[in-house]
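**Student:** Chain residues, written in single-letter form:
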Amino acid sequence: MNKSFSDKMKHFLKSWEMVLICIMAAEFIIFGAANAKFLRPALLLNSMNDFMSICIISLFVTFVMITGGIDIQAGAIVGLTSIIIGVSWQDFGCNIWVAVLIAIVVAAICGALSGFFIAYCGVQAMVVTLGGSFLYAGIALLISNLASTASYQGISGFPDSFRILAKYKFFGIVPSQLVIFLILAVLAYILLHRTKYGRRVFLVGVNPQAASYSGINTKRVIMSTYVLSAVSAAIAGIVLTSYLGSAKSDLGSNFTLNIITAVVLGGTLSTGGKGSVVGTALASMIIGMLRFGLPLCFKVGTQYLDIPVGILLLVVVLGRSIAGNSSVIRLMAKFKKSKAA
Amino acid sequence: MKKIVKTREVSSFLFLIALFAVVGLINPSFLTSENIISCFNDSVVYIIISVGMAFAIFIGEIDVSVGANLGFTATVVASMLRDGQNWALAFATGILIGALIGLFNGWGVSVMGVPSLIFTLGTNGVMRGMMYVYTQGAWVENLPADFKQLYSAELFGHISVIFVVTVIMVIAVHILLKHTKRGRYFIAVGDNPAGAALVGIPATGTRVAAYVICGIFAAISGIVFASRIGFVTAMSGNGYEMKAVAACVLGGISLSGGVGSVIGASIGAVIMASISRLLVFMELGSTYDNTITGVMLITIVVADALMQRRNAEKNRRQRLAARTAAAGEGGNK
Amino acid sequence: MPAKALLNIKNIYKSFGLNEVLKGISLDLNEGEVLALIGGNGAGKSTLMKIIMGIYQHDSGEIYVKGEKVTSNKTSAALASGIYMVPQEPLLFPNMTVEENIEIGFDKKKADLHKELVELIDSVGWKLDLNRKAGSLSIAEQQMVEILRGLLRRAQILILDEPTSALTFDEVESLFKCVEDLKAKGIGIIYITHRLAEVFEIATDVAIMRDGKVPVCGKVSEFTREMLVKGLLPPDAQEKEDTIKEHLKKVDYTHQKPVFEVQSLSGYGFTDISLKVYPGEILGLAGVVGAGRTELATTIFGKDKVLSGKVILDGKDITGLSTRKVIEAGLNYVPEDRHYHGLFKISDIAVNTSSAMLANPAMGKFFLNRKEEYQMTQKYIDDFRTKVTGQEQLVGSLSGGNQQKVVIGRCLSTSPKLVILDEPTRGIDAAARGDVYSIIHELREQGVAVLLISSDMEEIIELSDRVMTVCQGRINGEFTGDEINQDTLMSASFGITKNAEVGA
Chain G
1 MNKSFSDKMK HFLKSWEMVL ICIMAAEFII FGAANAKFLR PALLLNSMND
51 FMSICIISLF VTFVMITGGI DIQAGAIVGL TSIIIGVSWQ DFGCNIWVAV
101 LIAIVVAAIC GALSGFFIAY CGVQAMVVTL GGSFLYAGIA LLISNLASTA
151 SYQGISGFPD SFRILAKYKF FGIVPSQLVI FLILAVLAYI LLHRTKYGRR
201 VFLVGVNPQA ASYSGINTKR VIMSTYVLSA VSAAIAGIVL TSYLGSAKSD
251 LGSNFTLNII TAVVLGGTLS TGGKGSVVGT ALASMIIGML RFGLPLCFKV
301 GTQYLDIPVG ILLLVVVLGR SIAGNSSVIR LMAKFKKSKA A
Chain C
1001 MKKIVKTREV SSFLFLIALF AVVGLINPSF LTSENIISCF NDSVVYIIIS
1051 VGMAFAIFIG EIDVSVGANL GFTATVVASM LRDGQNWALA FATGILIGAL
1101 IGLFNGWGVS VMGVPSLIFT LGTNGVMRGM MYVYTQGAWV ENLPADFKQL
1151 YSAELFGHIS VIFVVTVIMV IAVHILLKHT KRGRYFIAVG DNPAGAALVG
1201 IPATGTRVAA YVICGIFAAI SGIVFASRIG FVTAMSGNGY EMKAVAACVL
1251 GGISLSGGVG SVIGASIGAV IMASISRLLV FMELGSTYDN TITGVMLITI
1301 VVADALMQRR NAEKNRRQRL AARTAAAGEG GNK
Chain W
2001 MPAKALLNIK NIYKSFGLNE VLKGISLDLN EGEVLALIGG NGAGKSTLMK
2051 IIMGIYQHDS GEIYVKGEKV TSNKTSAALA SGIYMVPQEP LLFPNMTVEE
2101 NIEIGFDKKK ADLHKELVEL IDSVGWKLDL NRKAGSLSIA EQQMVEILRG
2151 LLRRAQILIL DEPTSALTFD EVESLFKCVE DLKAKGIGII YITHRLAEVF
2201 EIATDVAIMR DGKVPVCGKV SEFTREMLVK GLLPPDAQEK EDTIKEHLKK
2251 VDYTHQKPVF EVQSLSGYGF TDISLKVYPG EILGLAGVVG AGRTELATTI
2301 FGKDKVLSGK VILDGKDITG LSTRKVIEAG LNYVPEDRHY HGLFKISDIA
2351 VNTSSAMLAN PAMGKFFLNR KEEYQMTQKY IDDFRTKVTG QEQLVGSLSG
2401 GNQQKVVIGR CLSTSPKLVI LDEPTRGIDA AARGDVYSII HELREQGVAV
2451 LLISSDMEEI IELSDRVMTV CQGRINGEFT GDEINQDTLM SASFGITKNA
2501 EVGA
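Residue numbers (my numbering), protein chains in the order written: chain G, 1 to 341; chain C, 1001 to 1333; chain W, 2001 to 2504.
Bear in mind the hints are in silico, worked out from the structure with no lab data behind them.
For each residue, glycine too, the CB sits at the ideal point set by N, CA and C.
Please note: incorrect hints may appear among the correct ones.
Stated by the list, open to error - Residues on chain W that point at chain G, a partial pick, calculated with CB under 10 Å:
id : residue
1  : H2339
2  : L2343
3  : S2347
4  : A2359
5  : M2363
6  : F2367
7  : T2414
Make a model of the complete structure from these sequences and hints.
**Tutor:** Pasting the structure below:
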């Protein structure tokens, strides 16, 4: 509370967020050196449009993973949202914004359903959200059958008021997706790190038993995080639909690896209890840059991009496991001692 | 042989029969021996990959890299065969690759202690990318005709050779699991890790072995996949990991570990593989495929979890009640 | 004929970190002996057994099995040398059949094993369906399966860890019969128990463990119950009691209104409990672990189902309310298992201290009031003299005593009218213990009612104004004033009341 600014600064410099910032800087340097085009602001900012939806979802999947759960259904909800917007607008004649609202509500219900099974029935989060990913992707496909257009084509021709949502450029250069992401990041930050709700999320993740002995309704907290992540997936779906200008049921189907990697790389413990919105936001940007920089600067085909992301995930989890290994800790302590001596 | 018939497997099998019966009622033209046998013939790839997955789930973990494992082995084996390599060499290479992937996963999960879903998700991403690297995104085509013949060869009636071989293999694995000392370790480690330690079971070794076996089965399923489809694309095997998990759950294997059998996994695999065919006969089209899978998966795991929780609670209460009851009787004396 | 020695334990020492658990244990077990091992919680019994089983490694000392020195520290080696432990909570594979559970880990042919097993079961005369799933067995049956597992492994040394703690009366009978059979077969048994009556019923030898040592051991025939009770107490108990007693002020509560009342409450693990606690009173609940006291506390705290009866706090019926509501009504609980139910180890002290206050508007309506949190945390750090480097120190890095102070602080932050303290000083050092005691005294001064659950008789005596003993789920004694001494409490806790002895 009454820590001096320099203390805070020191603390920050030692934090994982600082490491992430360094990684990001390294990306700029390496990619920039390899191909100067990478550093062109217009191009760089524009490239963000391609991975902003992943960033948005990662922010709120962080909540889920802090409670010790996991969410692999968010990708499916992106597609579901997209196709609901498309079909209710094109085939049911809804106002586009009403369609958006319906999509968000449906997504929230999906999240609540999975969250209910996880929190109140005690099923592992992994299995429920795996089932959820089938179910919601399946429902999306069924809804797409209601459309008058063939599903592989998608539904397009949305009104400009909707298209502008993700197409608008602030100051003629900053894409609105980035702005939406930043706003959500700030909201997520406040919610997780500044409110009583956020504190409960952490407590449930650290020790659900102790949390319940502190009078916290752990089940409700756990369920709520799945609703949040589903709603964020819906927002991602809306933005993505607006950006692509077409609604498809299979949007987001390959997001899972990227989302989980972003959250884990962002410093969230896979066992729960620890994590930060800032970390996730930075990590998701790092992954985005990687997905943009590698093809641009090193001519890596976009199909190969799962390799670096997968390796990144493995390196982070293995590194953390090694660092947490008691024998390594002892070794490090010895090393420090001998250095001091 | 009584032992093979356990309730969970039986209920899965009855579910399969009920499924066929319902479809038959809606559309009698489904009920030909040809259709039903095709359901079984078409499920070979799923059966093999699900049997492997079952090992990972027995020990209470999961392996979502089997899809990429399948795809990568299929790619390697298929391209070797296309280039006229020796069959045995190609198959051995494929199986070795699968075993290595399994070993890597087993190391990460059992030795390093990384949560299995996250670790194997990472492996999955890497292997999937490696497929593109290996093929440069091109399809592997023009496989030798006699290799493709491997899958389509029929024995009698309509039953394919490969299906019969698979069934024999599943039964063999089942017997090894249930009736050998080491075979039982897999289930034991998942059932009660603390108890396993008390009777001297090597937990880490068993867990790594489970992942290696899982990888080997994924590799075999990759070879069969190549033989069945006749070509391999960079997308091959995508999503099979999820189907394999679903098959195991449908077959009565509990995801908390220690429960189920490879026979159950195989029955689950037949259900998974048949759904799209059944949907066609129900004139619904295969678009219902994912929805139905999702609903079945969630329903089963939720029911399973609720039942388990009720049992645990019952046991706890019974135990606590016993303490006081003893006092009552003792005190009255 | 001198019985052959099966197990000789010589001068075993074992520490966990700085905590010395075993301080030179020596025990012998011969063929056909049943060695009853008794002692309070934390005496080191289970640590010793785990060392014998090769689960833990001892720091110094020697173990000889059948005259041969044990060199390997692997469970498999202990099993091979004929030692088998039946843990208190059986560790069977719930999804395997009884037969599979017993036969796991054998190389022999199944048919041979089956034959051997059937013969074994016949010889001990039990009825057990081999095809049942272990998960469906009663605890007694599970213990039988565990024993059979040991016997089929030709175990000559069988360790039974509180085998009767979850058994009904009939089941105890059949277990004793089995123990007699095994004794006759020359198998040596280490029998850990809390029930003194059992010692005289089945044991040939007895050893008392206290504080990591074995102060008393010998043939059962040489002992009386009173001698055992005495052996369980610290040697200086009598003198200490006299000094402790002095500070207790006499308060007459009879004409006061109780702030907390439990009316014939029954739940899982306890039956027909009635008690009253007055403002500013410390009521001690003595007993051995497993007597049902923790279950009583957690049920009152909204963690388990109330079967019948009522709980009244300050005139308000709080029976069966949720934990949150119970806390709001003015009751808080310091849990028995600090690590599992109390602490958020990877969180800092402020987060831990404020966790029970989150529902309270004082901590902010929606946003977290960090200032309030800081002040509250600092207050408890200062008041309790908690040794910390700062509020942002992680609780996991604190010593046990300071961790406990954090948990107590959290519990008091909700300004409860009644505090239930469950084993408040277990596993913490003497200095911190003193601090916790003065916190409890302070509470009493402030007029807070305290329900003190403890298996440490000294602690109960030092702190309580009034004591009730709980034995096997029921209250079996109430003591005030001079009646509160180690002898009466220990006897009652072990089910021996002064007038009529239970089980005799």
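**Student:** Does T2414 (chain W) pass the interface hint, meaning its C-beta sits closer than 10 Å to a C-beta of chain G?
**Tutor:** Since chain G brings a Cβ to about 8 Å from T2414 (chain W), closer than 10 Å, the hint holds.
**Student:** Once the shortest beta carbon distance from A2359 (chain W) to chain G is found, is it less than 10 Å?
**Tutor:** holds (6 Å)
**Student:** Would you check whether F2367 (chain W) satisfies its interface hint, that is, whether its CB is within less than 10 Å of any CB in chain G?
**Tutor:** Result: holds, 5 Å to nearest chain G Cβ.
**Student:** Against chain G, is L2343 (chain W) within 10 Å by beta-carbon distance?
**Tutor:** holds (6 Å)
**Student:** Should the hint that H2339 (chain W) touches chain G count as held when the rule is a Cβ pair under 10 Å?
**Tutor:** holds (9 Å)
**Student:** Restraint: M2363 (chain W) near chain G, CB-CB cut 10 Å. Satisfied or not?
**Tutor:** Hint holds; M2363 (chain W) Cβ to chain G Cβ min 6 Å, cut 10 Å.
**Student:** Hold the hint about S2347 (chain W) up to the distance rule: shortest CB distance to chain G must be less than 10 Å.
**Tutor:** Nearest chain G Cβ about 5 Å off; hint holds.
In summary, the structure agrees with every hint in the numbered list given earlier.
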